[in-house]
Amino acid sequence: MDIQFILSSGLIELYTAGLTSDQESQELEEAMHHYPEVAAAVGACQRNLEEYVRLQAVSPPENIKTRLLHLIQTDPSLANDTIATGGDTSPITPASVAPAGEKKQVSWKWIATAAAVLLLISVAFNIIYFSLWKEFQADYPKNQSLAATPLPVNEDKIKLEQLKNAMAVMEDPKVLKVIMPGTDSFPTAVATVFWNQDNKQVYLKANNLPEPATGKQYQLWAIVDDKAVDAGVFDMGDKAHLLQKLKIAGNAQMFAITLEKKGGADTPTLGQLYVSGKVPG
Amino acid sequence: MDYHVTYTEAELVQGLHARDQKVFGFLYDHYSPALYGVIVKVLNDHGLAVDVLQDVFLKIWRYAEQYNEEKGRLFTWMLNIARNTAIDVLRSKSYKLEQKIQNITDDVHLDGGSLTVYPSVDHLGFSKVLDKLTKEQRTLIDLAYYKGCTQEEISRVLDIPLGTVKTRLRNAIIQLRVILNK
Numbered sequence: 001m002d003i004q005f006i007l008s009s010g011l012i013e014l015y016t017a018g019l020t021s022d023q024e025s026q027e028l029e030e031a032m033h034h035y036p037e038v039a040a041a042v043g044a045c046q047r048n049l050e051e052y053v054r055l056q057a058v059s060p061p062e063n064i065k066t067r068l069l070h071l072i073q074t075d076p077s078l079a080n081d082t083i084a085t086g087g088d089t090s091p092i093t094p095a096s097v098a099p100a101g102e103k104k105q106v107s108w109k110w111i112a113t114a115a116a117v118l119l120l121i122s123v124a125f126n127i128i129y130f131s132l133w134k135e136f137q138a139d140y141p142k143n144q145s146l147a148a149t150p151l152p153v154n155e156d157k158i159k160l161e162q163l164k165n166a167m168a169v170m171e172d173p174k175v176l177k178v179i180m181p182g183t184d185s186f187p188t189a190v191a192t193v194f195w196n197q198d199n200k201q202v203y204l205k206a207n208n209l210p211e212p213a214t215g216k217q218y219q220l221w222a223i224v225d226d227k228a229v230d231a232g233v234f235d236m237g238d239k240a241h242l243l244q245k246l247k248i249a250g251n252a253q254m255f256a257i258t259l260e261k262k263g264g265a266d267t268p269t270l271g272q273l274y275v276s277g278k279v280p281g
Numbered sequence: 001m002d003y004h005v006t007y008t009e010a011e012l013v014q015g016l017h018a019r020d021q022k023v024f025g026f027l028y029d030h031y032s033p034a035l036y037g038v039i040v041k042v043l044n045d046h047g048l049a050v051d052v053l054q055d056v057f058l059k060i061w062r063y064a065e066q067y068n069e070e071k072g073r074l075f076t077w078m079l080n081i082a083r084n085t086a087i088d089v090l091r092s093k094s095y096k097l098e099q100k101i102q103n104i105t106d107d108v109h110l111d112g113g114s115l116t117v118y119p120s121v122d123h124l125g126f127s128k129v130l131d132k133l134t135k136e137q138r139t140l141i142d143l144a145y146y147k148g149c150t151q152e153e154i155s156r157v158l159d160i161p162l163g164t165v166k167t168r169l170r171n172a173i174i175q176l177r178v179i180l181n182k
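Respectively, the protein sequence lines represent chains A and B.
Just so you know, we're using UniProt numbering here: the first sequence kicks off at 1 and counts up by one.
Just so you know, we're using UniProt numbering here: the second sequence kicks off at 1 and counts up by one.
Hints may be right or wrong, so weigh each one.
[Unchecked claim] Straight-line distance between alpha carbons at most 25 Å, and here's what the computed DSS-like set of lysine-lysine pairs gives: (1) A:Lys200 to A:Lys164; (2) A:Lys65 to B:Lys59; (3) A:Lys174 to A:Lys205; (4) A:Lys65 to B:Lys22; (5) A:Lys278 to A:Lys205; (6) B:Lys128 to B:Lys93.
[Said to hold, decoys possible] In silico negatives: residues of chain A with every beta carbon more than 10 Å from chain B: (7) Glu37; (8) Ile72; (9) Glu171; (10) Ser185; (11) Asn196; (12) Asp226.
Treat the hints as calculated values from the structure; they're not laboratory data.
All C-beta atoms in this analysis are idealised placements derived from N, C-alpha and C, irrespective of residue type, glycine included.
Please model the complete structure; the sequences and the hints are all you need to start from.
Spelled out as structure tokens, the structure:
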């Protein structure tokens, strides 16, 4: 059919109003498919009729929307796509323009188009992945050296291991727990010593000690026979919440912590005595 | 529903395909008056029209896959479902032709008494259209479009020769388009 003939024949108006025969509708739809001008003319005519429809719009009763939303939410047959395409949406007027029923025949054109699109997508992904792979190859030596340095994950592992060890120490029945409350000068300070008298190991937990000034360090003392014996210095920072393993002490009756210059002192500075606690028993 | 959200046509189609309830709500909010208007016009029965409207929106939800962008806009598709479903019901009622088309020749929409029943009819816009169309032109369009009448039926109802139905209907639509495109 000639385009000019279609455009001027009145077929478009009749089609839009629903008064064309099946054959006429089919012919016009074919023409719409081949000639954009025809499709545009049909679209324009449809828009006008739709405007005519809109001018006569009527608000439906308000409760319908709620009911519909409820229906689509609760009815499983509506929720999934398993419903067969029923005949009830197929056009009922002989000249109906409903696209609903027409989609039933899946044309090879569509399948071919879909396949072509998929192929293009696949090619695109191949290119992307290939370039990513190349990039990876180029970066490989760099990545290798990165892998050699411990990753943050390892740090977490170490921390976990430390916590596990701490738990083991605290749960060990042979370990004595010595709580060291704050002295009069530092009443809020608290620290705890876990002392394994069997292997003479001492673990320290700084429950509450202020962060030392730069150049200063806390030092643990074991009081053995009224003499202060150095049991080692320890850091605060992120280690404050973990048990810190210190030097083996002798037969201590008491433990105490003073703040000393970095590296520790030979004798405790009593003015800087933060906490002290007697070994029970 | 969020009234501030607007969707492009493509988003609406995508949302409908994905069974997005928000999109469904949006479609209902925006298109139900137009679709309900069509159904009421076809059936001339508000009680029946409510059931059909519900049925129509369930079909839109269920058969979303059947919508094909190539064949026209989403609204056109929805409108066709509404029109076809309503005409289907009209036919199943096995009314006599005269009963079926009863309301077409009555000016229901302009009847002052029914203003409260038809709250969203654009009276001003619609009157403008009606002023410029002859009653026969409007009846021709409505019989074909809303009632799904055949040429023979139109010829009988309007008592015009069968051979002139197409020409007159076409002229009526052209006239309608002239008015609307002004």
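Each hint tested on the structure:
For the proposed pair lysine 200 of chain A and lysine 164 of chain A, the alpha carbon gap of about 20 Å is at most 25 Å, so the pair holds. Our distance criterion of 25 Å between C-alpha atoms is met by lysine 65 of chain A and lysine 59 of chain B, whose separation comes to about 14 Å. Our distance criterion of 25 Å between C-alpha atoms is met by lysine 174 of chain A and lysine 205 of chain A, whose separation comes to about 17 Å. Taking the CA atoms of lysine 65 of chain A and lysine 22 of chain B, the gap is near 12 Å; set against the 25 Å cutoff, the hint holds.
Distance hint between lysine 278 of chain A and lysine 205 of chain A is fulfilled; the C-alpha atoms sit about 16 Å from each other, no more than 25 Å. For the given pair, lysine 128 of chain B sits about 34 Å from lysine 93 of chain B by alpha-carbon distance, which is inconsistent with the 25 Å threshold. Residue-level check passed: glutamate 37 of chain A sits 15 Å from the nearest beta carbon of chain B, beyond 10 Å. A beta-carbon of chain B comes within 10 Å of the beta-carbon of isoleucine 72 of chain A; the shortest separation is about 5 Å.
For glutamate 171 of chain A, the shortest C-beta to C-beta distance to chain B comes to about 55 Å, beyond the 10 Å cut-off, and the non-interface label holds. Here serine 185 of chain A stays apart from chain B, with its beta-carbon at least about 64 Å from theirs, past the 10 Å limit. Non-interface status of asparagine 196 of chain A relative to chain B is upheld: no Cβ of that chain comes within 10 Å, the nearest being about 65 Å off. The claim that aspartate 226 of chain A is not at the interface with chain B holds, since no C-beta of that chain comes within 10 Å of its own (minimum 79 Å).
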